[in-house]
Structures are given as C-alpha cells and as structure tokens.
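Peer 1: Can you make the complete structure from the sequences, with help from the hints?
Top to bottom, those sequences are chains C and H.
If you count by my numbering, then the first sequence holds residues 285 to 578, one letter each, in order.
If you count by my numbering, then the second sequence holds residues 27 to 162, one letter each, in order.
Since the hints were derived computationally from the structure, they do not count as laboratory data.
The structure displayed is predicted, hence computed values, not measured ones.
All C-beta atoms, glycine included, are put in the ideal place defined by N, C-alpha and C.
Wrong hints could be hidden among the right ones.
[Claimed, not checked] Computed footprint of chain C on chain H, listed as stretches where at least three residues anywhere in the stretch have a Cβ under 8 angstroms from a Cβ of chain C:
hint, stretch
1, 57-69
2, 94-105
3, 126-135
[Unchecked claim] Covered stretches of chain C (chain H as the covering partner; in silico rule of three or more C-beta atoms under 8 angstroms from a C-beta of chain H):
hint, stretch
4, 317-328
5, 499-509
[To be verified] With a straight-line Cα cutoff of 25 angstroms, these simulated DMTMM-like cross-link-like pairs (lysine to aspartate or glutamate) come out:
hint, chain 1, residue 1, chain 2, residue 2
6, C, Lys315, H, Glu143
7, H, Lys123, H, Glu38
8, H, Lys39, C, Glu567
9, H, Lys72, C, Asp437
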Amino acid sequence: MASLKDLRGRINSVKSTRKITQAMKMVAAAKLRRAQAQAEAARPYAERMEQILASLGAAVAGAPGAPRLLVGSGADKVHLLVVVTADRGLAGPFNTQVGRLARARIRTLEAEGKQVKVLTVGRKGAAFLKREFASRIVAEVTFANKKRVEFEDAEAVAQTIAGMLDQGGFDVCSLLYNRFRNVISQIPTEQRLIPAPLPEGPAQAASGPQAQYEYEPTEEEILATLLPRNLAIQLYRAILESAAGEHGARMNAMDNATRNAGEMINKLTLNYNRTRQANITRELIEIISGAEAV
Amino acid sequence: MATFLLELVSPEKLLLSRQVEMTTIPAVEGEMGVLAGHAPMIVALKGGVIRVREGGNETVALFVAGGFAEVSPDRVTVLADDATPLAQLSRATSERKLAEAEAALAAAADAEPEKREAAQLRVLSAQAAVAAAEAA
Chain C
285 MASLKDLRGR
295 INSVKSTRKI
305 TQAMKMVAAA
315 KLRRAQAQAE
325 AARPYAERME
335 QILASLGAAV
345 AGAPGAPRLL
355 VGSGADKVHL
365 LVVVTADRGL
375 AGPFNTQVGR
385 LARARIRTLE
395 AEGKQVKVLT
405 VGRKGAAFLK
415 REFASRIVAE
425 VTFANKKRVE
435 FEDAEAVAQT
445 IAGMLDQGGF
455 DVCSLLYNRF
465 RNVISQIPTE
475 QRLIPAPLPE
485 GPAQAASGPQ
495 AQYEYEPTEE
505 EILATLLPRN
515 LAIQLYRAIL
525 ESAAGEHGAR
535 MNAMDNATRN
545 AGEMINKLTL
555 NYNRTRQANI
565 TRELIEIISG
575 AEAV
Chain H
27 MATFLLELVS
37 PEKLLLSRQV
47 EMTTIPAVEG
57 EMGVLAGHAP
67 MIVALKGGVI
77 RVREGGNETV
87 ALFVAGGFAE
97 VSPDRVTVLA
107 DDATPLAQLS
117 RATSERKLAE
127 AEAALAAAAD
137 AEPEKREAAQ
147 LRVLSAQAAV
157 AAAEAA
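Peer 2: Laid out in structure tokens, this is it:
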C-alpha cells in the first residue's frame, strides 16, 4: 500500500494538472469565440463568390481553352491533397481525425495506381503523415508563429497550388480539413478544388427571371482573376473553419481532462483518508495491547 | 428616391448590407455610378474609392484594392479584396505598400507576362490608395 507521503504527492500533482487543463480550457473558449466569429464573417464573401462563379463558370466551362483552374488538366493521374490541421496538439482527436482521413485517401488512391502528392497546412498534419508518407509531402505550410490567419496567408498558399498546376505538377486537387459544425463536433471533410465542382447552372433561375449579365471587361478576363481568388477563398474558409474547430476540440478535450482529474483527486483523497484512518487505528491497537500487557 | 440593396463584403467580413440610393464603384474601365434599376452587370474593380449616397448625402467612403461587383436592378454585391474606410486609410501605410508593390514589380521584371501584369496592377492599386489617402 502506498504511504501517506506518496499519496499526498500524487494528489498535489493531479491538482496542478487540473489547474493547467482548466486554464487551457478557458483559453480555448476565449479563442473559440474569436475564431468562430472570424469564420462566420468570412462566410458571406464565399457565398457571393460562389454565386458569381456559378453564373460565369457555366458559360465558359464547356468552351475549349477554358482556364485550367476551372476544368483541371483533363487527366486523372496525379492527385494533390491539401491537408489542413492545427499547429498544436492536446485537442483530442482533432488532428488525428484529419490525418486518418488523409491516410485512407492516400492508400486508396495509390491502390488505384495514382500518384499522390501532399501539401500540409499546420504542423500536426505534417508530423502525422511524415511517419508513413514522407516522400509524398511536397510542401509544408504553418501559421504557428501567427496570431491570426489573414486572407493574404491563404492567398500565398493558393498561389503555390496554382503555380504547381501551371507546371503540370498535378491533375486533381482536393482539400482535407475539419469542418466546424458546432463546438463539440468537427467533421473531417474532403472537398474538391480543381477541377472546380461547378454549382448547377439552372439553380440560378430561382433568383427571379434569369439575368443576362453584361461583363466588363470580358468574361474570360474576369474569370482569370476570379478563379485564383476563389481558390484562395476556399482555402481561407477551410483554414478558418479548422481553426474554430481546433479550439472547440481543445475546449472539449480539456473539459474532459479537468473532469477526469477531479475524479482522480476524489479517489486519491478517499484512499488517503482511509490509509490515515487505518494508521491511527493500528497505532491505537498497539498502544492498547501494550497497556494490557503491563 | 428609389433604393436598392448594397452589399459590400471583404474576405474577412460583411462590411455593409443595407438599402442605399446610389453608389459609385471604381470599375476597371472607369468609375461607374449605380442607381436602382441598373442593367445586370458583372464588373471587375480596380483600386479606388467606393462612395455611397443615402438621403441625398454621401454617407460611406471606402477604399478598395480591387475585386468584383455584381449589379442587378434591385441589388449590388461588391466583393472587395481589401476594404478600408477612407478615414482609417493612413498615408504612411499606403506609401509603404506602394513601395512594396514597386519592389515586387521590379523583381518581376523578367518573369512571365501574367506575373508582371499582376505586379503592375498591384502598383496601380497602391498608387490609388496613396492618392485617396492624400485626398482624405
């Protein structure tokens, strides 16, 4: 049986662990609120962008010589997976979730005889995939030293991807990230970026009589600037959603940890008191039997 | 006076969404005033100032670095790249951005034409920002 001193030590150490997890939970809650607001603020832009792209893309997609960002390279050989994770751990299954999804995707794609390239955003995803697929990782991006991810950061990543496409680095590009559904649930999601999944054209008709737009300058020119922006926006949205999800997941994980620590402290305290009592009883018996012997 | 719904969004947030009488937007081929009932258009924007009129007065003036606008008879949606209220536009920052853009253009001197063009556009937009900051 553990001595009283050992038990006291353990109780103290679990107590300080609880303090840390509790503090982390509070911090995550505060950050979550900010990240969630940021993710929600970015939504209207992405939605409007989709509308414009829908009306433009439907017109141009069928034509020969359509931009590669819209229709891809036509082949289906080399896949680029953009894996968005957090930079920090201690967030429950948050990072592993995406990592596992990525691993499964890489395996199925390679089983089909396709070549896979991986671009990781966030340190944890890179660390996870390096163990098995180090040779597939072509680039790593991290925002660990940034307090707040700005749109320009996402734009830089989008430029890297567009550059790779121009050089024929890949044919199909997908984005893997944790979609933020609510504080306790983040859903690992796969989203196709290139070729762009075009929203159904006729859906537009719902917004009143089909508007015949005039373009200034030409459709092609607008599309040429709109498509890279759309790519950046999709990335930005994924990064923000992932950031909000990360804090939600961490808050949850730390809440559980705090509760477990509390339970452990109760158990240890009970054990401590029992041992103390047993010691007292034993000493009393010793004294009494000593006195009787006299 | 007839009004229309103006929505002004940047990637970071929804800046404005309300009924206004008139707006002036800096389209690539020249400034464009939009009133209610305008013919449907999709235009690209260059760096410049978006002005909004409500109740006969100019109420909002924002600098945008570029973007797109979708115009239809009863609404205008502006997708701005980077929008700053004119009052907050500082001359020092815009001049710094201009210097950066010029450096990028110089660096892209022997890059592909598209890249050079993009850098050129950035310089123009930064120049517009400096001009707007000066006028404010």
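Peer 1: With reference to the structure, classify each hint as holding or not holding.
Peer 2: Hint check results:
For the stretch 57-69 of chain H, the assignment as covered by chain C holds, since 5 residues bring a beta-carbon within under 8 angstroms of that chain's beta-carbons and 3 suffice. Counting residues of the stretch 94-105 of chain H whose beta-carbon sits less than 8 angstroms from any beta-carbon of chain C gives 5, enough to reach three: the coverage restraint holds. Given as covered by chain C, the stretch 126-135 of chain H fails the check, having 0 residues with a CB less than 8 angstroms from a CB of that chain where 3 are the minimum. Check on the stretch 317-328 of chain C: 4 of its residues sit with their Cβ under 8 angstroms from a Cβ of chain H, so the three-residue criterion for coverage holds.
Restraint check on the stretch 499-509 of chain C versus chain H: 6 residues with Cβ-Cβ distances below 8 angstroms, three needed, restraint holds. Pair hint Lys315(C) plus Glu143(H) does not hold up; C-alpha atoms about 40 angstroms apart against a cutoff of 25 angstroms. The straight-line distance between the Cα atoms of Lys123(H) and Glu38(H) is roughly 19 angstroms, inside the 25 angstroms bound, and the hint therefore holds. Annotation: proposed proximity of Lys39(H) to Glu567(C) is violated, straight-line Cα distance about 72 angstroms (limit 25 angstroms).
Proximity of Lys72(H) to Asp437(C) is assessed by CA-CA distance (about 21 angstroms); at most 25 angstroms being required, the pair is judged to hold.
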